[in-house]
Every structure is written in C-alpha cells, then in structure tokens.
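A.B. asks: Here is how the chains run, residue by residue.
Number of protein chains: 2
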Amino acid sequence: MIKVGINGYGTIGKRVAYAISVQKDMTVSGVVKSNPDFMSRIASKNFNIFVPEKDKIKIFEDQGIKTSGTIEDLIEDSDIIVDATPEGMGRKNKPMYEKSGVKAVFQGGEEHSIVQASFNAYSNYSDSWGKDFVRVVSCNTTGLARTLYPIFQDFGIESVNATLVRRGTDPNDHKKGPMNAIEPGLKIPSHHAPDLKTVLGVGEVNTVAVKVPTTLMHVHSVQAVMKKNSSKEELLSAFSNYNRILPVSGKDGVSSTAQVMEIAKERSLNRSDLYEIAVWVESVSVRDRVASYIQAVHQESDVIPENVDAVRSMFQLSERDKSIRTTDETLGIGKKVY
Amino acid sequence: MIKVGINGYGTIGKRVAYAISVQKDMTVSGVVKSNPDFMSRIASKNFNIFVPEKDKIKIFEDQGIKTSGTIEDLIEDSDIIVDATPEGMGRKNKPMYEKSGVKAVFQGGEEHSIVQASFNAYSNYSDSWGKDFVRVVSCNTTGLARTLYPIFQDFGIESVNATLVRRGTDPNDHKKGPMNAIEPGLKIPSHHAPDLKTVLGVGEVNTVAVKVPTTLMHVHSVQAVMKKNSSKEELLSAFSNYNRILPVSGKDGVSSTAQVMEIAKERSLNRSDLYEIAVWVESVSVRDRVASYIQAVHQESDVIPENVDAVRSMFQLSERDKSIRTTDETLGIGKKVY
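Chain order of the listed sequences is E and V.
So the first sequence is numbered by this note's numbering: it starts at 1 and just counts up by one.
So the second sequence is numbered by this note's numbering: it starts at 1 and just counts up by one.
If you are wondering where the hints come from, they were derived from the structure by calculation, not from laboratory data.
Be aware that one or more of the hints could be misleading.
[To be verified] Pairs of lysine to aspartate or glutamate, EDC-like flavour, derived with a Cα cap of 20 Å:
hint, chain 1, residue 1, chain 2, residue 2
1, E, Lys265, V, Glu234
2, E, Lys3, E, Glu61
3, V, Lys94, V, Glu72
4, V, Lys232, V, Asp154
5, E, Lys251, V, Asp37
6, V, Lys24, V, Asp328
7, E, Lys251, V, Glu61
8, E, Lys45, V, Asp252
9, E, Lys251, V, Asp62
10, V, Lys131, V, Glu111
11, V, Lys251, E, Glu61
12, E, Lys99, E, Asp132
13, E, Lys265, V, Glu61
14, V, Lys58, V, Asp79
15, V, Lys265, E, Asp173
16, V, Lys56, E, Asp132
17, E, Lys92, E, Glu111
Go ahead and model the full structure; you've got the sequences and the hints to work with.
C.D. replies: And the structure:
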C-alpha cells in the first residue's frame with residue numbers, strides 16, 4: 001500500500017486526493033493546505049491536513065481546523081508526494097523531497113528539466129518505471145498526447161500543428177480573465193510543443209494558444225501529418241480503442257463545450273468531472289496524409305488518471321495496461337453515458 | 001406508489017425525474033422528449049421515453065432510440081404529470097391533462113391563474129393538499145420564499161423589496177445571452193413580486209431584475225420590513241432551523257457564486273446541484289426593523305425538492321414536515337459539507 005501525500009489542494013490536488021483514495025494499492029497520507037478557507041474545512045472531513053510551516057498550525061486551529069503537523073511530517077509519513085502547488089513552486093519544493101528521500105510527481109506547470117521523465121499514460125508509461133521524480137504534463141499537452149497516440153501507433157506521425165483555444169480561468173475562480181477579450185499567446189510555439197515531445201516521439205510540432213472568455217474547457221484544432229495515409233473511418237476506429245477518448249457528435253446536439261460538460265453532469269462522476277478527451281466525430285478528416293480533428297479538454301480533470309498511473313509506474317506496481325484499466329474502472333472512465 | 005410522468009426533459013424535467021426516482025412513495029412512469037438528441041439517448045438509459053406526437057416515433061427509432069409511445073400513452077399510465085415544458089406550453093397542455101383526469105404540476109413559467117394553488121414547501125404546503133393543478137413557483141421566487149419564510153414566521157413581514165441579479169442563461173446553453181451586457185428588466189415590478197404573494201402572505205412586494213453575463217447562479221439582494229424588530233443573530237438563528245438554507249461566508253473564502261458552486265461540486269450530489277439557497281452571513285443585517293441579506297440561487301435545482309413535495313401534498317401522502325424531511329434525506333439536502 002503506497003502512502004501518497006498531496007502538496008496543494010487546489011483544482012488538481014483535491015481531485016488527485018479523491019482519485020488516490022479510491023485505489024486499492026494506494027492511500028492518502030494527508031494533504032497540505034496553506035489557508036484555513038472553506039476548502040480546508042471540506043478537505044478536513046476526508047483527509048489529514050498538514051500546513052506548509054509551523055506558524056500556520058495556530059492560524060488553522062484558531063479557525064477550528066485541526067492539523068496533523070507540517071509538510072515535513074507529511075513527507076515523513078509518505079512514500080511519494082504529488083506536488084500540485086502553483087506553477088514554479090514544485091521546483092522550489094524539490095530539494096525538500098530529495099533531502100527526505102521521498103519520490104515526487106510534479107504537474108505541467110513545472111519544467112521537464114527538473115524531473116527524470118515526463119508522463120502520459122498511453123504514450124510513455126514505461127519511461128517513469130521505477131523513477132523518483134516525474135512530471136505529468138499539463139492538461140492541454142495531456143489532451144494532445146492522448147489523441148495523437150492512437151494515430152502515432154497506427155499510422156506514424158511526421159509532424160503536428162495544433163491551435164489551442166484555451167479557457168480563461170477555472171470555474172471556481174472569480175478574479176482572473178480575460179472577461180471580454182481574445183488573448184493570443186505571443187510566445188510561439190507555446191510550451192505545449194516542446195512538452196508534447198517529452199511524452200510522444202513525434203517530429204516537428206507547432207502549437208499556438210489563444211485565450212478566450214470561458215471557464216468550461218479548452219478546445220483544440222489538431223492537424224497531424226501521418227507517415228501512412230489513412231481515412232476518417234480508420235482514425236475513428238483507432239480512437240475507439242482507447243477509453244480516455246470520448247467521441248461526441250453535433251448530430252446528437254453536442255454543439256459546444258456547454259453540452260460536453262452537460263454530458264459529464266449527467267454521468268455524475270466525482271465533481272461532475274470529464275476525464276476523457278472529447279472528439280467531435282464530424283471534425284475528424286483525412287486529406288493528403290493530414291489527419292485533422294477538433295477536441296475538447298476538461299482542464300480540471302483530464303490529468304487526474306495520469307497522476308494515479310504515474311505513481312504506479314514509479315513504484316513498478318503494475319504494467320501500463322493493467323494500471324490504466326484499474327484507474328479507469330475506479331474513476332468511471334469510459335463508462336457509457338449513452 | 002404514485003406514478004409520475006415527466007413532460008419535458010430539460011434543465012428542470014431531468015432533475016425532477018431523478019428526484020422522483022429516489023423516492024419510495026413515487027415512481028417515474030416515463031419522460032417526454034421532443035428531439036432524439038444526446039439527452040434523449042441518456043434519458044433512455046434510465047426511463048421510458050414518450051414523444052409528443054405519433055410522427056416522432058419513427059424519427060426517434062431512426063436514431064436508434066426506442067420509444068414507449070406518445071404522451072397520451074404516458075398520461076394513461078400516470079397518476080400525475082410534472083409539466084416541465086418551456087414557458088407558456090403548460091397552459092396549452094392543461095386541457096389534455098384535464099381530459100384524461102390526470103393531476104399536473106406546472107413550473108414557474110406558467111401563470112398562477114391556470115392552477116388551483118401555487119406552491120412552496122415551507123410557506124404554503126397545505127394550500128396544495130388534495131389539489132389537481134398546482135404550480136411550483138420559479139427558481140427566483142422559490143429562493144425568495146425560502147429565506148423570507150423564517151423571517152415571516154418569527155418576526156412578521158410588512159413589505160419586501162428585492163433586486164434580483166439574474167444569470168444570463170443555463171450552463172448547458174450556448175445560444176442565449178447577454179454575452180457582454182447588463183440587461184435591466186423593464187417591466188417593474190418583475191413577475192417575482194406577484195408570484196411571491198401567491199405562496200407567502202407578505203404585504204407590499206417590489207422586485208427588480210437585472211440580467212448579467214454568467215451561467216452559474218442568480219444573486220438576490222433582499223430587504224424586508226419586519227413587524228417586530230430583530231437582530232442579525234436572531235435572523236441567522238431563524239435561518240438555521242431550515243435545511244434548505246445554507247449559510248456561507250466570505251471569511252472562509254466563499255466570495256462569489258464561483259465558490260458557492262465549487263462547494264456543490266465538492267459535495268458531489270446528483271449533477272453537482274445545490275438545492276439549498278446560499279446566504280452570505282456577513283450580508284445579514286437589521287436596521288430600523290429592516291432585515292437585509294444577499295443570497296445565491298442555483299436556478300437549475302432549487303425548485304426540484306419543491307416538485308417532489310408538491311406531489312406529496314396533492315396526493316395527501318404526508319404532512320409538510322414529514323415530506324420535506326423525506327425529500328431532504330433522499331436528495332442529500334442539508335448534508336454538511338464542512
């Protein structure tokens with residue numbers, strides 16, 4: 001039974017905590033919260049709460065929230081830490097993990113250079129086998145790797161071009177924007193291009209990202225130049241072998257991310273999340289060896305199964321397909337909605 | 001066992017169907033869907049599907065969705081119909097229900113004049129006792145009635161003034177707006193003022209509604225002139241006796257509807273709904289006999305428990321408090337999140 005500590009209980013951390021808690025080969029040793037807010041109160045109903053530094057213990061207890069100690073205590077009692085702290089903090093936390101000899105999984109906000117392997121369950125599970133420091137790539141990169149992998153396997157990929165239409169912020173946030181503007185990312189390619197290469201050995205990759213005023217999901221327009229020619233039917237058939245890809249159709253009335261997330265609500269998995277990448281079947285096409293499709297990514301949850309699988313790979317608990325199957329079954333991934 | 005047919009499977013209809021399906025004294029005889037879209041496919045996994053007219057049977061079956069007949073067949077097999085069709089259609093449907101001698105519950109989009117009683121569980125459960133045609137008032141009016149009732153009971157109410165800041169459309173909709181404007185309702189008072197009087201015997205009521213670009217919830221700023229003076233503490237204590245009112249606090253980081261709905265997600269009830277009316281404790285105040293507070297209303301789900309209770313009252317199945325308790329327990333209302 002692997003004891004997993006979660007550092008950070010935001011959008012990703014709290015979902016990883018849930019996902020770990022429903023596995024049979026892992027348990028949550030505790031979670032780190034920085035502020036005694038409503039989310040700390042909710043977290044404390046299910047998990048042991050730890051704080052980043054000693055001074056915070058009193059601050060939490062003044063608010064009536066019991067703590068189990070500091071992050072050092074959590075590390076002491078854990079075999080691995082899933083670091084779900086804000087972008088760039090993972091790098092600062094790493095020496096603390098190294099010093100204590102605990103393994104760590106970082107998230108996509110961290111650089112590839114601080115870990116031994118970046119991780120996507122389908123495309124490079126074995127690269128993290130037995131490793132101590134691993135990074136699960138970002139929600140967008142995970143989305144790209146998931147749907148490009150079946151194409152890569154069946155037809156080969158020479159190069160990829162993707163335009164990412166990104167959500168402005170997460171649904172639980174009321175401060176960030178844009179509220180009424182479209183904001184192109186002016187660093188081109190965006191970080192997703194090099195990140196994709198850390199988990200999938202495709203050739204040239206170009207990615208462009210544009211931020212828009214919505215909170216539900218990201219949408220990607222993807223083009224991949226394949227080594228072998230293929231067809232729409234073959235692509236759809238390739239996708240259909242993978243649980244973590246969900247075909248949706250405008251013919252059924254699924255015309256936007258609004259309806260995709262409505263499907264997730266109907267399924268009522270934990271937090272109404274959608275772990276799968278939704279691909280619009282009408283958008284899938286092939287012309288002159290170029291595969292093209294549009295997909296939607298639920299940024300709050302698509303990386304959650306990958307975090308679970310990364311832990312299994314790092315402790316050599318299960319081979320790829322068995323780990324993925326277990327994760328999918330426990331989280332309800334691939335469960336038919338209709 | 002009361003057999004409940006649901007006419008319409010949109011935002012409200014599908015939630016009523018779920019809520020009825022978890023009651024022990026009722027069962028869902030079927031639901032009416034007009035189009036063979038993704039929601040029909042999902043509905044058909046759990047419920048018998050009926051269509052508004054014979055021609056539609058083939059249209060559904062061409063899409064591979066099995067139907068159990070037309071709405072007439074559903075009425076035949078039901079003791080009561082919950083009519084959750086779009087605004088104004090209930091009036092048109094009523095003669096069909098009358099002809100078949102089936103009872104019906106309408107929603108807040110219909111006029112009070114077409115029913116024998118309008119309904120709110122707390123404020124006038126007994127008005128619908130044994131009745132054949134009842135209307136559950138709209139989400140906003142339900143929100144007002146819920147939180148005004150405890151004040152009405154304990155201190156009396158002379159008059160009410162409320163400003164309703166309304167969400168633009170529901171989360172599953174991608175067509176309506178406003179997208180980037182604030183739209184005052186120019187019919188003043190808005191329909192909520194007369195509607196409130198149909199369920200709670202307060203004196204003068206004025207309501208003003210303003211639509212804003214968000215999908216999560218409505219927010220109300222409410223002022224009530226009380227007959228007796230009171231205090232913030234007494235108001236909070238009055239609210240605390242009612243399960244369907246949820247106190248929230250900015251001190252805990254619940255600063256907006258974004259965090260209120262995040263609490264609902266954490267609780268993971270069906271569809272991540274929030275059946276309770278959330279009241280910000282900091283906003284509750286009393287000055288010169290005027291009680292004032294700010295509340296948030298989850299427009300997709302706050303009327304769902306009322307629909308269940310309305311059925312119980314119309315069939316004289318349980319007294320008010322017993323019905324409310326049963327509904328609350330089965331739906332998870334009042335379940336502590338922290």
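A.B. asks: Taken at face value, is the distance from the CA of E:Asp132 to the CA of V:Lys56 at most 20 Å?
C.D. replies: violated (60 Å)
A.B. asks: Please work out if E:Lys3 and E:Glu61 have their alpha carbons no farther apart than 20 Å.
C.D. replies: violated (25 Å)
A.B. asks: Could you grab the alpha-carbon distance between E:Lys251 and V:Asp62 and see if it respects the 20 Å cut-off?
C.D. replies: Cα-Cα ~13 Å, so holds.
A.B. asks: Holds or violated: V:Lys58 with V:Asp79, Cα cutoff 20 Å?
C.D. replies: Status violated; Cα separation ~27 Å.
A.B. asks: Tell me if the straight-line CA distance from E:Lys251 to V:Glu61 falls inside 20 Å.
C.D. replies: At roughly 15 Å apart (the allowed maximum being 20 Å), V:Glu61 and E:Lys251 satisfy the hint.
A.B. asks: For the pair supplied as a hint, V:Lys131 and V:Glu111, is the alpha-carbon distance within the 20 Å limit?
C.D. replies: Holds, because 17 Å separates the two Cα atoms, which is no more than 20 Å.
A.B. asks: E:Lys92 and E:Glu111 were given as a pair; does the straight-line alpha-carbon distance stay at or below 20 Å?
C.D. replies: holds (12 Å)
A.B. asks: Given the proposed pairing of V:Lys232 with V:Asp154, does the C-alpha separation stay at or below 20 Å?
C.D. replies: holds (13 Å)
A.B. asks: E:Lys45 and V:Asp252 were given as a pair; does the straight-line alpha-carbon distance stay at or below 20 Å?
C.D. replies: holds (15 Å)
A.B. asks: V:Lys251 and E:Glu61: Cα distance at most 20 Å?
C.D. replies: Holds, at roughly 15 Å.
A.B. asks: V:Lys94 and V:Glu72: Cα distance at most 20 Å?
C.D. replies: holds (13 Å)
A.B. asks: Take the C-alpha atoms of E:Lys265 and V:Glu234, compute the straight-line distance between them, and say whether it is at most 20 Å.
C.D. replies: violated (38 Å)
The structure shown violates the earlier hints numbered 1, 2, 13, 14 and 16.
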